[in-house]
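Colleague: The hints should help you fit chain B onto chain A, whose structure is shown.
The lines below spell out each chain.
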Amino acid sequence: MTTVNNPKSNHQVAGLFTLIRNKDTKREDFIFYSDRLIRLLIEEGLNCLPFSETTVTTPTGCEYNGVQFASKICGVSIVRAGESMEAGLRAVCKQIKIGKILIQRDEQTALPKLLYSKLPADIANRHVLLLDPMLATGGTVAQAVEVLIERGVKEENIIFINLIAAPEGIQFFTSKYPKVTIVTGEIDEKLNEKKYIVPGIGDFGDRYFGTEH
Amino acid sequence: MSSSSNSVSNNNNELNQQQPNNDVQIIESSNSKKTYTLGRPPWYDTTGKPRCPLVIGVCGGSASGKTSVCHRVIESLNTISDMRQGKRVHIPIYDFKTHSRLQRQETVYGADVIILEGILTLYSKELRDLMDIKIFIDTDDDVRLARRLRRDIAERGRTVDSVILQYTKFVKPSFDDYILPTKKHADVIIPRGSDNIVAIDLLTQHIRLKLKDRGYTPQKPINIVEGVTKDNLPKNIHILPPTNQVRALLSILRNKNTDVGNFVFYSDRLVNMIIEEALTHLPFKEKTVVTPVGTEYKGVEPDYNLCALSVLRAGSCMEQPLRSICKGIKTGKVLIQSDENKQPHLFYERLPDLTDSHVLVLDPTIASGASSQMAIRILLDHGVPENKIIFVTVVSSLKGALTLSYCFPELKIVTGALDDGLSEKGFILPGVGNYSDRYFGTSLK
Chain A
1 MTTVNNPKSN HQVAGLFTLI RNKDTKREDF IFYSDRLIRL LIEEGLNCLP
51 FSETTVTTPT GCEYNGVQFA SKICGVSIVR AGESMEAGLR AVCKQIKIGK
101 ILIQRDEQTA LPKLLYSKLP ADIANRHVLL LDPMLATGGT VAQAVEVLIE
151 RGVKEENIIF INLIAAPEGI QFFTSKYPKV TIVTGEIDEK LNEKKYIVPG
201 IGDFGDRYFG TEH
Chain B
1 MSSSSNSVSN NNNELNQQQP NNDVQIIESS NSKKTYTLGR PPWYDTTGKP
51 RCPLVIGVCG GSASGKTSVC HRVIESLNTI SDMRQGKRVH IPIYDFKTHS
101 RLQRQETVYG ADVIILEGIL TLYSKELRDL MDIKIFIDTD DDVRLARRLR
151 RDIAERGRTV DSVILQYTKF VKPSFDDYIL PTKKHADVII PRGSDNIVAI
201 DLLTQHIRLK LKDRGYTPQK PINIVEGVTK DNLPKNIHIL PPTNQVRALL
251 SILRNKNTDV GNFVFYSDRL VNMIIEEALT HLPFKEKTVV TPVGTEYKGV
301 EPDYNLCALS VLRAGSCMEQ PLRSICKGIK TGKVLIQSDE NKQPHLFYER
351 LPDLTDSHVL VLDPTIASGA SSQMAIRILL DHGVPENKII FVTVVSSLKG
401 ALTLSYCFPE LKIVTGALDD GLSEKGFILP GVGNYSDRYF GTSLK
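As they're listed, the protein sequences go chains A and B.
So in the UniProt record's numbering, spot 162 of the first sequence is number 162, and the numbers just go up one at a time.
So in the UniProt record's numbering, spot 97 of the second sequence is number 97, and the numbers just go up one at a time.
Since the hints were made in silico from the structure, they are not lab data.
For clarity, every value in this text was computed on a predicted model and none was experimentally measured.
Careful: at least some of the hints might be erroneous.
[As the list claims (entries may be wrong)] Below, simulated BS3-like cross-link-like pairs (lysine-lysine); rule was C-alpha separation at most 25 Å, straight line:
#  : chain 1 : residue 1 : chain 2 : residue 2
1  : A       : Lys154    : A       : Lys97
2  : B       : Lys327    : A       : Lys190
3  : A       : Lys26     : B       : Lys333
4  : B       : Lys330    : B       : Lys425
5  : A       : Lys23     : A       : Lys94
6  : A       : Lys154    : A       : Lys118
7  : B       : Lys327    : A       : Lys194
8  : A       : Lys26     : B       : Lys285
9  : A       : Lys72     : B       : Lys256
10 : A       : Lys26     : B       : Lys425
11 : B       : Lys327    : A       : Lys94
12 : A       : Lys190    : A       : Lys113
13 : A       : Lys23     : B       : Lys333
14 : B       : Lys285    : B       : Lys256
15 : B       : Lys285    : A       : Lys23
16 : A       : Lys23     : B       : Lys298
17 : A       : Lys97     : A       : Lys72
18 : B       : Lys425    : A       : Lys23
19 : A       : Lys26     : B       : Lys256
20 : B       : Lys298    : A       : Lys195
21 : A       : Lys94     : B       : Lys256
22 : B       : Lys298    : A       : Lys26
23 : B       : Lys333    : B       : Lys49
24 : A       : Lys190    : B       : Lys298
25 : B       : Lys230    : B       : Lys425
26 : A       : Lys176    : A       : Lys195
Next up, chain A with everything else stripped away, as it sits in the complex (with noise of 0.2 Å):
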């Protein structure tokens, strides 16, 4: 199964992705509303796990019929960008096991090629949100899923959370992934011919981690 999720398609949303965007932002304003975003995203996707009824009791006395968290979870980060987000995950989820992956494109190939992973021990009991601020031709973000998979981890347990969307990575990532869940903020126009996602948003570990040239 794969849902395409777009979180609140409101002029909130829109308000900070014009703020991020935007070429003249200043760093800080940039982290921040970026936080902002991710929370948003990332409740968005913590939305897509499973739940189970539930009845609790009130200060009241009455009872109320509710649902509970039923799965475990656990983060992994796609570095260095996917890193960004993990401080909104830890916002919302107290004490989250976090595990991170390193793809870097290969200069001659122009492959992605795994250069680095640590994940926790159970992660193939788990669901995993998987972060990564942008989807740009989905190489990466397959290559990881591939990392998980072999480490046990049942694909359609996987929901991938990102930022920005380019029509093309979503369409070969669906392909190759179906039941991975996708949770994006806006799905934007296309890539250019650098393989950057236009209008886009820059390179986006770069902007947050003040480290462009």
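Modeller: Just chain B now, kept in the frame of chain A:
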């Protein structure tokens, strides 16, 4: 509980000391900060609309006994404890030493009766038109001069000659030219001033009757349209979409076994989502930006100024999530507590400059809606348009939300959940219990 009559000295050049009202509601602590000695009861009716205070004009020559008559009236009225109403007013303060109007104004909320007292009170038609009762104190000229001599010599250290000179040169001619002719506008003329006990009795009895006509009955419920359920709510009530995520957070908050640490954590999380939802109701305008890739992006930007009003104590549970979303937002506070009759009282109020601002009112629960109504009334009295107020809450009773919606149709209400019940004691059912006790860990258990 005392009622609230406020004696207001008119702005004129009379040598007359404004006496402190012995029914002071406010202790002045600085120019703008106020401390209320007693909670201020509602100064509006059950539909949220302000009630007009009874305006009484008291006129008469210098030293005719106007102030004394006013004080007699106020003393008698203060025994009426069930008459509470009024509105915020700015009172110019007159300095009798320099004979000038001071820049500073005093803010008084909610007078039941406003007495305008002064030598020229009945002079202006505009002012007369505002008055419900117009009174002229007609004291004999000789008596007035005698009083004036005694007062100015004893209390203000003047000489006999200077008082008489001032009287014959200024006071007497102005009285004859400007004050005495206004007697014809009066509804009631009281001879001999405050000595005239019969006249004052008649006057206070009449005021009581008038006040009874417009009495505030807090227990009287407003008529909410029958048959409103969660499925056909008024358009200004917005419930956070009940996703599993939201319901799970609510289940944690509602559970009586949730400890303080978890209550705070999950409250902050849910409030964050509710505030984000509330912000979507604000106006935006088109904006095109250039991305680092060099491409244009057609976006939007906020078209509003935003402030917040936290209804203490519980409203402060929502401030941290608010500040994590709205950088450096200006936040006003009001402390409203309900008495045993579930009637709200205003104990403290401190607001930022609200000019041209939208305002988010923060209070995690709406039970009967009485204190929420007071918070909104304060904003309206400070000039915030109703359609610029968004009430943000976590759990509201259906009745409370409908009351607010009915009283303030332009107001927007954004709530995390809407509960059907409201107990006799004013608890929302199933509800969350006492929100701030649970958040701050101050419950008995």
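Colleague: Are the hints correct? Go through all of them and say.
Modeller: Each hint, compared with the structure:
1. A C-alpha spacing of about 18 Å is found between Lys154 of chain A and Lys97 of chain A, which places the hinted pair at or below 25 Å, so the restraint holds.
2. A C-alpha spacing of about 33 Å is found between Lys327 of chain B and Lys190 of chain A, which places the hinted pair above 25 Å, so the restraint is violated.
3. At most 25 Å may separate the alpha-carbon atoms for a hinted pair to count; Lys26 of chain A and Lys333 of chain B exceed this at roughly 32 Å.
4. A hinted pair counts as satisfied when its Cα atoms are at most 25 Å apart, and Lys330 of chain B with Lys425 of chain B does not qualify at roughly 34 Å.
5. The hinted pair formed by Lys23 of chain A and Lys94 of chain A fails the criterion: a straight-line CA distance of about 34 Å is larger than 25 Å.
6. Note on Lys154 of chain A and Lys118 of chain A: the hinted pairing holds, with a Cα-Cα distance of about 18 Å set against a maximum of 25 Å.
7. Of the pairs offered as hints, the one joining Lys327 of chain B and Lys194 of chain A is violated, with about 36 Å between alpha carbons and a cut-off of 25 Å exceeded.
8. For the hint pairing Lys26 of chain A with Lys285 of chain B, the CA-to-CA distance comes to about 21 Å; that is within 25 Å, so the pair holds.
9. Straight-line distance between C-alpha atoms of Lys72 of chain A and Lys256 of chain B comes to about 24 Å, which keeps the hinted pair within the 25 Å bound.
10. With a C-alpha separation of about 52 Å, the suggested pairing of Lys26 of chain A with Lys425 of chain B is violated against the 25 Å cut-off.
11. About 24 Å separates the Cα atoms of Lys327 of chain B and Lys94 of chain A, which keeps this hinted pair within 25 Å; it holds.
12. With a CA separation close to 24 Å, the supplied pair Lys190 of chain A and Lys113 of chain A stays within the 25 Å bound.
13. Straight-line distance between C-alpha atoms of Lys23 of chain A and Lys333 of chain B comes to about 38 Å, which puts the hinted pair past the 25 Å bound.
14. Of the pairs offered as hints, the one joining Lys285 of chain B and Lys256 of chain B is violated, with about 44 Å between alpha carbons and a cut-off of 25 Å exceeded.
15. Taking the CA atoms of Lys285 of chain B and Lys23 of chain A, the gap is about 19 Å. The hint holds against a cut of 25 Å.
16. Between Lys23 of chain A and Lys298 of chain B the CA atoms are separated by roughly 13 Å; this keeps the pair inside 25 Å, and the hint holds.
17. A hinted pair counts as satisfied when its Cα atoms are at most 25 Å apart, and Lys97 of chain A with Lys72 of chain A qualifies at roughly 10 Å.
18. A hinted pair counts as satisfied when its Cα atoms are at most 25 Å apart, and Lys425 of chain B with Lys23 of chain A does not qualify at roughly 56 Å.
19. Restraint check for Lys26 of chain A and Lys256 of chain B: the C-alpha separation of about 45 Å exceeds 25 Å, so the hint is violated.
20. For the suggested pair Lys298 of chain B and Lys195 of chain A, the alpha carbons sit about 21 Å apart, so the restraint of at most 25 Å is met.
21. For the suggested pair Lys94 of chain A and Lys256 of chain B, the alpha carbons sit about 20 Å apart, so the restraint of at most 25 Å is met.
22. Only pairs whose Cα atoms come within 25 Å are accepted, and Lys298 of chain B paired with Lys26 of chain A is accepted, the gap being roughly 19 Å.
23. For the suggested pair Lys333 of chain B and Lys49 of chain B, the alpha carbons sit about 22 Å apart, so the restraint of at most 25 Å is met.
24. This hinted pair checks out: Lys190 of chain A and Lys298 of chain B have alpha carbons roughly 15 Å apart, not beyond 25 Å.
25. For a cut-off of 25 Å, the pair hint linking Lys230 of chain B to Lys425 of chain B stands: about 23 Å separates their Cα positions.
26. The hinted pair formed by Lys176 of chain A and Lys195 of chain A meets the criterion: a straight-line CA distance of about 19 Å does not exceed 25 Å.
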